[in-house]
Each structure stands twice: as structure tokens, then as C-alpha cells.
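Asks: Chain by chain, the residues run as shown.
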Amino acid sequence: MRTSAPILKTLSPFRRALGQVDWLLVGATVSLSGIGVLMIYSAIHSNQDLLANGLHWKQALWSTIGLLVLSFVLLFDYHHFTRMAYFFYGLVIVLLVMVLFAGRVVYGAKRWLVFGPMRLQPSEVARLAVIIILARIFGARDSSEPLRLGELIYPFILVMIPVVLIAKQPDLGTAFTVFMTAAVLALMVGVERRILYILGAGAVVMAPVGWFFLKEYQRNRILTLFNPEADPLGTGYQSLQSKIAIGSGEFWGKGLLQGTQSRLHFLPEKHTDFIFSVLSEELGFVGGIFLLVVFLVFIHRCMLAALNAGDKEGALIATGVATSFFFYSAFNIGMTLGLIPIVGIPLPLVSYGGSASLTSFIAVALVINVRMRRKGFNSF
Amino acid sequence: MFRSRMGGETPDKMRRRMQWLAFAFSLCMMVLFVQLWHLQVLQGDKFRALSENNRIAYRVVRSPRGLIYDHGGRLLADNRASFNLYLVKENSPDLNEAVRHLARMTDQPYDELREKVRRANPFRPFLIKADVDRKTMAFFEEHRPDFPGVFTQVAPLRNYRTEERGGHVLGYLGEVDGQQLQELTEFNYRQGDLLGKYGVERAFERYLRGETGFKQVEVDAYGRELRVVVPFVEKPGNNLHLTIDYALQAKAEELFRDFEGSIIILDPRDGAILALVSNPAIDPNQFAGGLRGKSWRRLTSDPLKPLENRALRGQYPPGSIFKIVMAFATLNEKVMRPDDKVYCNGSFPFGRRVFADWKQGGHGPIDLIQSLAQSCDVYYYTVGNKLGIERIAYYSHLFGLGEATGYDPGEKGGLVPSDAWKRKRFNERWYPGETISVSIGQGFNLITPMQAANMMAAVANGGTLWKPFVVREVTSPQGEVLYRHRPEAIHKIPIPKEIFDTVREGLREVVNGPRGTAKRAALAEVVVSGKTGTAQAVRLNLTGRKAKPEDLPRPYRDHGWFVAFAPYDEPRIAIAILGEHAGKAGSSFAPLARDLIAFYLGVPVKPPQAVAAAPRAGVPRPAAIVPIPEEANLLED
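Protein chains in written order, with UniProt numbering: chain V, 1 to 380; chain D, 1 to 637.
To be clear, the hints were calculated from the coordinates, so they are not data collected in a lab. Each hint should be verified, as a subset may be incorrect.
To be verified - No farther apart than 27 Å at their CA atoms in a straight line, the calculated lysine-lysine pairs in the BS3-like style are these:
#, chain 1, residue 1, chain 2, residue 2
1, D, Lys197, V, Lys215
2, D, Lys341, D, Lys386
3, V, Lys215, D, Lys89
4, D, Lys89, D, Lys341
5, V, Lys110, D, Lys89
6, D, Lys235, D, Lys294
7, D, Lys197, D, Lys467
8, D, Lys497, D, Lys341
9, D, Lys584, D, Lys305
Treat the numbers as computed from the prediction; the structure is a model and nothing was measured.
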């Protein structure tokens with residue numbers, strides 16, 4: 001027994017570091033990925049084309065790669081990433097511009113870059129790049145006073161460049177969540193009340209004006225939200241179908257692979273945007289609540305990491321990841337539940353998508369990293 | 001180690017904000033919890049029911065129509081698989097693009113289709129086109145991913161195996177229209193159903209129609225069937241067994257190809273229709289999927305009116321075939337005895353007018369039999385004048401002229417003029433001079449080819465005027481007889497047999513006599529009897545016709561008639577041929593009838609030997625027989 005002591009001693013920094021890993025967060029992450037793979041299989045198992053593509057295997061592969069990348073990222077202090085924030089940011093902008101010119105068009109939107117067998121969705125990476133660069137900018141600020149208008153202009157421009165590029169794809173859902181995440185981070189740092197009042201008033205004035213700038217189908221989606229049954233075969237179709245799928249799952253669900261609604265293609269995009277509907281139909285209220293709880297745990301562990309972070313930078317990274325996950329999951333689930341208009345937003349870690357999964361794992365890695373290196377634990 | 005360079009520790013204010021944020025996140029998540037509870041637990045039943053409705057669809061199933069056979073059991077009409085092209089609007093993301101392709105592939109005007117699609121129910125399959133060709137079907141099946149919402153479905157479609165023949169008998173199908181849909185509610189017709197619009201398809205619709213029902217199927221959102229939940233057992237329509245002899249029909253159509261007009265062939269023993277030709281013909285297959293648009297407009301605007309059944313609806317002056325009725329009237333009213341002779345010098349003065357015979361110089365002294373054989377006009381001017389219009393009208397009616405036979409509701413009656421008719425129609429009395437032209441089948445007289453054939457059948461069978469029919473039997477798909485036609489006599493003609501014998505003798509002379517006007521209809525092994533006729537298409541002045549028919553413009557050319565029956569002793573076939581504006585070409589109807597009779601009776605088309613043409617023992621013949629060149633006979637009337 002004694003002979004092992006020197007080895008243990010050598011390993012002790014690792015052991016200490018491993019002790020600081022938020023296993024609950026890792027558990028939530030792995031659970032979400034696992035549920036994702038299972039539900040993707042269920043969603044596509046009646047569609048021979050998608051099944052033949054082995055989307056569920058691809059997703060499992062990406063999750064595994066994600067887990068490895070996560071472990072790898074833990075080896076480096078998160079400050080290395082914030083130091084390279086501008087590099088990441090620049091890379092993401094280049095990729096987003098490339099998408100505009102050389103992107104693969106799917107469903108009328110240019111969102112993907114194709115590298116041989118791989119498809120990359122730069123907008124997924126962009127959301128993380130924006131969090132890191134804001135963490136760097138706001139984290140480096142010495143003052144604890146609220147942000148003044150002058151201080152907001154530069155980060156605003158930095159955020160708007162990817163937001164506009166993403167919106168042009170068009171991917172309004174992602175553009176919106178990236179912007180909202182950035183806004184929340186600014187609010188966390190603190191913004192002068194004056195500015196908040198001006199923005200609030202501006203929003204009230206602009207809302208009706210903005211209404212006229214929306215395309216008709218976008219307006220219909222919003223109107224439909226308030227009365228989906230009014231046009232069950234038109235605009236409200238997806239929303240209603242999703243609600244029927246979820247509602248018909250009742251308490252215990254119809255059973256895995258037994259979801260008639262999703263199996264019968266009543267749900268469009270069921271392995272991506274409507275994966276929650278598939279889950280709720282097949283696994284019922286029990287399954288739906290379980291997933292919501294896992295998300296809540298996930299977000300709370302991120303917020304906990306933020307609250308206990310060793311510095312502002314770490315706190316902002318963790319808050320950014322939590323916020324981003326919150327917006328994605330709440331919007332996606334809210335949309336399937338018929339609470340908000342249908343916007344193309346995936347459910348993080350659960351929906352099919354390699355870029356999204358990988359980005360999510362890196363984001364989780366950063367949060368764990370922040371937690372590991374909180375006050376007094378930054379020696380590794 | 002980075003901290004010194006960075007912004008330092010998280011300020012308390014910021015930590016507080018983050019706590020509020022976490023709280024806000026939880027609150028929002030709670031909303032999701034509540035909505036999930038609401039949908040799945042509180043409203044679960046409702047949505048479960050909705051989900052059942054969603055995936056179980058009721059599909060209309062149309063059972064195949066009954067089969068149609070000819071009298072020998074030859075299949076004339078059955079059903080084939082056809083592909084219908086549908087669009088479910090809701091599943092088509094780019095509707096304009098889809099409609100553009102559909103319009104192009106199905107050869108429809110884009111704007112029309114766009115408008116129809118616009119009004120369609122977005123979630124129900126909308127029929128873009130019935131019976132698309134295999135190429136179109138293959139295109140859309142192959143490019144299914146490019147056209148979401150477009151799909152094809154198999155449906156039974158009428159298939160006429162008649163090579164475009166018999167269209168006017170079989171009729172055709174058409175899509176049920178709005179008004180019919182209302183009238184037929186109790187019979188469960190649905191939008192898009194095809195029903196008989198014409199011919200036996202229409203007359204026997206209620207027998208032929210296969211039952212329409214529903215099957216419950218599990219469908220996906222594209223409306224594609226995944227599984228049949230509750231099947232519908234097809235109930236095909238009942239089968240018709242026609243009296244038509246398809247081989248004879250085909251032969252008649254082939255021989256009559258170059259004419260407009262009609263041929264009716266009846267079985268004089270019961271009125272069964274053996275063949276019915278109306279030219280221009282229609283191809284019932286053209287209508288199989290419901291004819292619309294360009295092809296329909298082309299058919300309806302054709303000046304030759306191919307959709308009109310000339311056998312039933314064409315009304316023509318009977319011309320010299322009317323002399324048959326006149327002969328009966330003459331003998332039965334005892335205006336003349338058979339042997340009484342009228343001297344024909346080629347003209348008949350009446351009042352201030354002189355009515356000419358078709359033969360310049362006249363026929364000389366002529367009795368009833370020869371008056372028929374040579375078609376002497378002066379004989380009939382004479383007897384017609386003695387009979388008067390009322391008696392002529394009476395005998396016309398006796399032989400069914402001027403009245404629909406009752407074969408089809410669309411049949412036209414024609415016209416038998418009388419004093420009463422003229423007073424009513426023109427508010428003018430009947431002038432005796434008018435009787436003269438009526439006597440040779442001109443004037444106001446109008447009959448249909450069907451009436452001519454039926455008259456001839458009655459002459460052939462010795463006086464029974466049958467109601468013509470075309471369906472002998474209806475059987476269920478299992479072979480059970482549901483309907484059997486019982487021959488129905490319109491009436492028995494109250495004329496003694498001897499008179500029939502005499503007139504029939506005259507008709508035999510028309511074909512077999514040395515001076516007969518239709519010698520080219522004669523056959524070696526069967527005695528054919530008949531009567532030629534030429535009817536003026538436009539009422540010209542009977543007294544001074546000089547122009548040659550071939551010099552006249554087509555609408556002014558005469559119609560050609562030929563009626564016949566055979567065999568003489570036991571008639572099995574009666575035939576009427578009418579060629580519109582056939583002019584001189586009408587002279588070929590006698591040999592045409594001969595060919596059809598020979599074909600039907602299965603005897604060779606061979607003219608009788610000179611000996612066979614000799615007078616039969618016991619029948620008095622005119623002493624002096626002067627041979628007349630055959631050509632001259634063809635220009636009678």
C-alpha cells in the first residue's frame with residue numbers, strides 16, 4: 001500500500017482537479033446527449049432515408065468527440081481562451097462570411113460550410129465566440145460602475161457583426177439568441193439606468209414599426225400563437241401538430257418508438273427543432289419533466305459556477321453559457337409547447353447537429369473550467 | 001496568475017444580478033412545466049383524440065364499374081388501373097413552383113390551375129389530373145423529394161376495348177357536375193366521381209356503377225397511405241350483355257368510314273340492336289377520365305357535331321323509302337289493287353304545277369310492285385293524292401315514323417305532317433298540292449334513321465313494331481341475372497298478311513328484279529329485300545330540278561337512304577343506312593348493306609346468277625322486260 005504513495009502524490013494535482021469537476025454538470029450534459037441520440041433514433045426510425053444516413057450514430061459519434069474535447073479543454077485554464085478571444089472571434093467572422101458566399105443551401109437557408117464529409121455550422125460556434133469576447137472585454141473592466149453609453153458602443157458593434165451575418169443566412173432564431181445572450185451579459189455587468197430607460201422606450205416605439213418590417217409569414221406565426229386553431233391547416237399547422245404530439249403523450253407517453261404523430265411525419269424537422277415533441281409524445285409528461293429538470297439542473301450548475309467564479313471573466317463565461325443554454329432550450333421547448341412563435345432553434349445537446357453538439361460540449365468544458373479554477377483552486 | 005491583469009473579482013452587485021438571473025431562469029422554466037402539465041395531463045385526452053383523427057384518414061374507394069359484353073360474350077368495356085395526380089397544398093412549401101410544374105406536366109393552363117388550387121382545401125388531396133400518363137407519373141414519383149405534397153394514387157378507370165368503335169352505343173363517362181351531385185345525393189355520388197353521361201353507360205348507370213365507400217387508412221402528413229386500418233371491400237358494378245354484335249359493328253364502321261350519317265342494324269324478330277353507327281364517331285376512351293378543356297371544346301365546336309347520335313337525333317326527309325308506307329296505305333285503303341296500273345309519262349300535273357318523276361320520259365304503265373322496284377314517283381303522286389294527308393299521316397304513325405321509338409330519352413321524334421299539325425305550326429290550312437310531295441317522302445316529312453330501321457324490321461317480321469333495345473341482360477359480378485330484357489312491342493300493325501306479302505314482294509324486286517333500283521344489294525345465297533331513297537337536304541322546287549348533285553355545294557347535296565332486310569322468308573336482319581349529303585355516293589349504300597348482310601348471315605358476297613334473278617313462279621311479271629344499264633338504276637328518284 002505504501003508503495004503507491006509516491007504515485008498518488010504525483011497525481012495529486014490531477015486528483016484535486018478531478019475533485020473540482022462538476023460531475024453533476026457533466027452528468028446533465030451526458031444525459032442530455034444520451035437522450036438526444038435515443039430520441040433522434042426514434043424520430044427517424046420510420047424514415048428510411050434518414051435512418052440509412054445513420055443520423056443517430058453520427059450524433060453519438062459527435063457526442064463522444066465532444067466528451068473528449070471537453071476533457072481536453074479542461075487541461076487549459078479558461079484564461080487561455082479569453083486571451084485568444086479576438087482570434088476566435090476573427091475566425092468565426094471569416095467562417096460566417098464564407099457561409100454567405102460558399103454555404104450549402106438547405107431548406108432555403110445558407111447555414112453550413114462543407115469540408116469534405118464534414119458540415120460546419122459557424123453560427124453555432126459564433127454564439128460561444130461572442131460569449132468569450134464579451135467576457136474578455138467586460139472582465140477586463142476595473143470599475144464596478146454601470147456601463148456607460150460610450151462603453152457599450154464597441155462591444156455592441158462586435159456583437160452586431162456576427163448577429164447580422166447570422167440573420168442574413170437567414171437564421172433569425174440563432175441571431176436573436178446570440179444578441180439576447182450578449183444583452184444579458186451587459187446587464188450582468190450593469191448598464192446605466194438612463195440607457196435602460198431609453199432602450200425600453202425605444203422598444204415600445206419600435207415594436208409597431210418593426211411589425212411592418214416583418215414578412216407576412218413571420219407576422220402570421222406571431223398571430224397564430226394567440227389562436228393556433230384559427231388556421232389549423234395553415235400557419236398554425238406546425239404549432240398545432242406539435243401540441244397534438246406532446247398532448248397525446250399524456251402522462252406516461254406512448255412508449256419509445258411508438259409516437260404516431262412524429263412517426264407519421266406530421267411533425268416537420270422532428271429530429272432537429274421538434275425533438276422535444278417526439279420525446280414528450282413517446283415518454284409522456286414523465287419524460288418531458290425529466291428533460292426540463294435536467295436542463296434546469298444544467299443551467300443552475302452553470303449559474304453556480306458563475307457565482308463562485310474566481311473572477312469576473314469566469315463569471316461572465318459561465319453566465320453566458322447558462323444564458324445561451326437557457327434561451328435555446330426555453331425557446332425551443334416554448335415553441336413546441338405552443339408558447340412562442342415557431343422559430344428554427346434546436347434544443348442544445350439533444351437536437352441533431354454536430355456543430356451544435358461540439359460547441360455545447362466546449363461551452364460546458366469552459367464552465368467546468370471556471371468552476372475548477374475558482375478562488376483557491378487555480379493552481380492546476 | 002492571470003487575475004492581476006484582468007478585471008479582478010466578481011463585484012457583489014454583479015453576483016446579485018446573477019442570482020436574480022438564475023431566479024428568472026427558474027421562473028421561465030416553471031412556465032414550461034405548467035404548460036407541459038396543461039397539455040399532457042389536463043388536456044391529454046383531447047390531444048390523444050386529435051392524434052387519432054390526425055393519422056386515421058378516410059379514403060374514398062371507388063369500386064370498378066361493371067363490364068360490358070357484346071351479344072357473343074366479347075368484352076367491350078372493362079376497367080384498367082389509372083394514376084391520378086394529387087396535391088396537398090399544405091405540404092407544398094413552394095406552391096407556385098409546384099403548380100407551375102404540375103401545369104406544364106399535365107398540359108393545363110397555369111392560371112386556371114393556379115386558381116383552382118387556390119380554392120382547394122389546403123389539407124385535402126386536390127385532384128390535379130385524372131389518368132396521367134406513365135411518364136408524368138414516373139416523373140413525379142422520381143422527383144418526390146422535390147415536390148412535397150404531390151402524389152399519385154391508383155384508381156380504376158373505364159377502358160373500352162373497342163378500338164374506338166361503338167362509341168355512340170356504349171356512350172361515355174363524365175365527372176359528376178354540381179347539379180347532378182345535388183340530385184344524386186341519396187346515391188352517394190361524390191365530387192370527382194365519374195358517371196355515365198351518354199349511351200348505355202348513362203342508361204344503365206344504376207346497374208353499372210360500382211359502390212363507392214370508404215376505407216380507413218393510416219396516413220402520414222403527406223397523405224400517403226401507410227397501412228389500411230379498416231378496408232373497404234370493393235363492390236364492382238353489374239355487367240351488361242348487349243345485343244350488339246361487335247364484329248358486325250366493326251364491319252359497319254369500317255365500310256361507312258367515309259360518310260357522315262348512320263347505320264342501324266336490328267334483329268326484326270325482337271328489335272334488338274345489332275349495330276349502331278353514327279359518323280363522325282366518338283372514341284369513348286377519350287372521355288374515360290372525364291374530358292375537359294381543349295379536347296372537349298374541340299368536340300363541342302366541331303361543325304360536324306360528332307357528339308350527336310345521328311341514328312337517334314338526326315332528322316331527315318325519308319325520300320323514296322317512304323314509298324313503303326305509301327304502298328301499305330294504298331293497298332290497305334284499297335285505293336289500288338296490287339295489279340292496278342298507273343301510267344307514268346314522267347310528270348304529274350297538279351293544279352297549276354307539274355310534279356316531275358325522277359325518270360325523264362317516265363316508267364310507262366306501272367303496278368304497285370314495280371312502283372316500288374323502280375321507285376316510280378308518278379305512281380305515288382297519284383295514290384297520295386287519292387289517300388289525302390290524313391291517311392298518309394295515319395299510316396306513317398302505324399310504322400312508327402315521326403315518333404321516338406322509346407329506345408333512348410334523347411331520341412328525336414321527327415315529323416309526320418297533317419292538316420292539324422300545319423294549322424298549329426303555321427296557322428294555315430293544308431293544301432292538297434303539299435300532299436303530292438309528301439307522297440314521295442319529301443315536303444315536311446322528317447324521320448330518324450332509327451325509325452327507318454324499325455319500320456323496316458316491322459315490314460320484315462310481318463307487322464310487329466318492336467321497341468328497339470340494346471341490353472339483353474344484366475348480371476351481377478357473381479353471374480346472377482338481375483335484369484333480362486323482354487321484347488316489347490310498340491304495337492302490332494293492323495294490316496292483313498296478304499298486303500305485307502305484296503309490299504315485301506315489291507321490296508324484293510327492288511334488289512332482285514331486273515329493273516330494281518338496288519340490284520347491287522343482291523346476294524346469291526340469301527334473298528335480300530330493300531328500298532333505296534334520296535332525300536333532298538334542302539327543299540328545292542320538285543318541278544324543275546336540273547342541277548347535277550355533284551355540282552351542288554355539299555349542304556345542298558341529297559341525303560342517301562338504303563333500307564333492307566334479309567333473308568326474305570325468315571328475316572334475321574333489318575338495316576337502315578343514311579348518308580348525309582352523300583349525293584351520288586349514296587348509290588354505294590346498296591352494296592354496303594349487302595356486305596353487312598352477308599357478313600352477318602355468314603354467306604359469301606356473291607351476286608346471284610342470272611337465273612336466280614328470273615321471276616319466281618306464280619308471281620306475275622311485266623311481259624316485256626327491257627334490260628336497263630345498271631348505272632341508270634342508280635340514279636332513281
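Asks: Now tell me if each hint is right for this structure.
Replies: These are the hints, each one checked on the structure:
1. Of the pairs offered as hints, the one joining Lys197 of chain D and Lys215 of chain V is violated, with about 49 Å between alpha carbons and a cut-off of 27 Å exceeded.
2. Between Lys341 of chain D and Lys386 of chain D the alpha-carbon distance is near 14 Å, which keeps this suggested pair within the 27 Å criterion.
3. A hinted pair counts as satisfied when its Cα atoms are at most 27 Å apart, and Lys215 of chain V with Lys89 of chain D qualifies at roughly 20 Å.
4. A threshold of 27 Å between alpha carbons decides the hint, and for Lys89 of chain D with Lys341 of chain D the separation of about 83 Å lies outside it, so the pair is violated.
5. Using a Cα cut-off of 27 Å, the hinted pair Lys110 of chain V and Lys89 of chain D holds, with the two alpha carbons roughly 25 Å apart.
6. Restraint check: the Cα-Cα separation between Lys235 of chain D and Lys294 of chain D comes to about 34 Å, which exceeds 27 Å; the hinted pair is violated.
7. The suggested pairing of Lys197 of chain D with Lys467 of chain D holds, with an alpha-carbon distance near 22 Å, which does not exceed 27 Å.
8. Restraint check for Lys497 of chain D and Lys341 of chain D: satisfied, since their Cα atoms lie roughly 22 Å apart, inside the 27 Å limit.
9. About 23 Å separates the Cα atoms of Lys584 of chain D and Lys305 of chain D, which keeps this hinted pair within 27 Å; it holds.
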